[in-house]
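Got two chains here, each in a separate frame; can you build the complex from them with the hints?
These are the residues of each chain, in order.
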Amino acid sequence: MPAAAQATGPVVHHPVPRTADGKPDMSGTWQAGGVSITGEAGAPPIHPLPPIDQHPIKREPLVYKPQYEARRKALTVLDDPTLECLLPGVPRIQTEPMPLEIVQTPKEIVVLYESFRAWRRIPINDKLEHSDDLTPTWMGDAVGRWEGDTFVVDTIGFNEKTWISGTGTVHSDKMHVVERYTLNNDGSLSWEARVEDPVALEKPYVTGATFRAPIGVRVEEYECIENNPDPTHMKKAAELDKAKK
Amino acid sequence: MKYGFLAALAAGAMLLTALPAMAHHSFAAEYDSHNVITLTGTISKVEWTNPHTYVYVDVKDASGNMTTWALEGYPPNTLKRTGFARAVLKEGDSITITAYKSKDGSNTGAGREITFPDGSKKFLGPEGR
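Chains A and B supply the protein sequences, listed in that same order. Mapped onto our numbering, the consecutive letters of the first sequence carry residue numbers -10 to 234. Mapped onto our numbering, the consecutive letters of the second sequence carry residue numbers 1127 to 1255.
No more than 30 Å apart at the CA atoms, straight line, and that leaves these computed lysine-lysine pairs for DSSO-like:
1. LYS234/A to LYS1227/B
2. LYS1171/B to LYS224/A
3. LYS1229/B to LYS234/A
4. LYS150/A to LYS116/A
5. LYS233/A to LYS1227/B
Reference listing, derived: stretches of chain A covered by chain B, where coverage requires no fewer than 3 residues with Cβ under 8 Å from a Cβ of chain B:
6. 60 to 69
7. 222 to 233
Example chain B residues on the side facing chain A (calculated, C-beta under 10 Å, incomplete):
8. ALA1154
9. GLU1156
10. ASN1176
11. THR1179
12. TYR1180
13. TYR1200
14. PRO1201
15. ASN1203
16. LYS1229
17. GLY1231
18. PRO1252
Hint data in this document are derived by calculation from the structure and do not stem from the laboratory. Small disclaimer: the values here were computed from a predicted structure and weren't measured. The beta-carbon is built from N, C-alpha and C at its ideal position, and this holds for glycine as well.
Bound conformation, chain B alone (with noise of 0.2 Å):
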């Protein structure tokens, strides 16, 4: 099982009480929640831009090809509340980040956790759904 058993029951008291974190579509017909992706590379460039952000980044494959892609993120102003500073995302820093791969083929995804070069993390946008 993905989630824990306390996750669980945290997830369901939010449908109870509360609503989905997406403002404006559906997770689930844009990206696929079981297919999740580490990708390693360098941010070539951040769209603060709604309704959501947008975190690009070249990823170099074994043979040395260089893939870009496209990690959609919280809205701006979400990310701001929940801690996440414009100044930590800086194009040419290398970070590693988990997402969640597009179901259309495309180079994009839904991200979620970034792993900064000092070592911390923060959430780039939802868990899966």
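Okay, chain A solo, but in the shape it has when bound (with noise of 0.2 Å):
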């Protein structure tokens, strides 16, 4: 990260906030990277983050079936489905270079995502039940449960339209997301998300994040398809890079 986006002095902990219901309070907006909360590399901010500690972040590589293998590599970036503007899934929204807020209750929780417009309802049910007649969707369907100080989210029901990460991630329709959220005592909240697909992966696939609170910044309207000739001119290119070849 630029040195610029950091604000300078020493990190500053304090008790993480709770709710008045105990929880660790994670409501507010988030962000894990991008331009608007890192800046322009030599220009100081205008959200400044406050500094934060180190903190690990496990990662396992994605690691296909031979078949979903094929796949992947059949796949280039024109078939991004967030080129279309259509939703990116989970975990791939978390890290988009936009923020997030969580809005939480004792009954469930709901994060609002700039990046797409897109949202996720979150009941909270401590037997992370789903219901047994779900429609496949982009986002899934999520339940999620506190696990002491951890927010564990559940989340199945998934279209196979999705990426997981980079490139041509494809995904089954029994792709599994298991994500962990904890609050830090340093102002910043860690993400963990754990894919289980037994029909596409060898073996799940760990990421996570550090998300921080940029100040002063808000969820705001972002609808993608308002106008979109990215598409158009990214398949002009690739005919031309084909005929020169």
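Okay, structure coming up:
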């Protein structure tokens, strides 16, 4: 992260804020990265970030079963659903370079994403039970529960149209994502996602991020489909490139 | 080398800790980060739209022919958060803008740094990659 994005000074530690029912209070605006919180190199940030500690992020690579590896390799950036302004799905949406807002109540947590105007409603359900009649969706069916001071989100019921992470990272409709949200005492929020897919993946994929609260930022409207000539330009560029070879 | 050592270091650190600044499309599939153009002309139109803003600049070549270039920028919300007020982009103003040329042969590009009539500079979009 460019040094300019960081406010200087020591990390300030304080007890984790709590809601009336004693749970860590995660409500507010968060972002994992992107220019609006890191600023441009050399320019002072408009929305400074308080310094935070380093938080370890667990990662395990994406390892596909052969049939899905072949599908993945056949896809290019032109096939990216988000290029057409379709929802990025989970876990991909979490690290889009735009803020998200967590709205926390004792019965459910709602996440409002600026990115693609997405939202997730996460009812709190201690048995993590899903309906047995789910319609496959882009963002899946999420339920959550508190495990100590960590909020665990269990999501299934995905369609097969989203990508997990980078280009072509397909999955089956059996994908199961378990996320863990833990508020830190330096004002940051640790997020980890474990992606299981017994049809597409050889082993679980693990990713994560440290969310920060950019000062003075709130989630705004982002109607992606409004004016999107990029797919046309990219397809034309790909045709020209192909003709050259 | 295009980037200084520190910038490369910062970019590397970004990759480890953060993510690309583009939300919805690959930069390299649309724009050529090695083909940087500098255009001087008059702003003829500004689109404050998603997923990207566009600044249209009328540029006159040596023989007096006018070409309109469309330069893509950050989404409106991102521009605002980097301190780029809407009021600074006015139709009729003369600007100089650097941009990464589109790979599709059209008069479009990914806008980077705008120099305003008063000499001040602002970034319209990300560094090419």
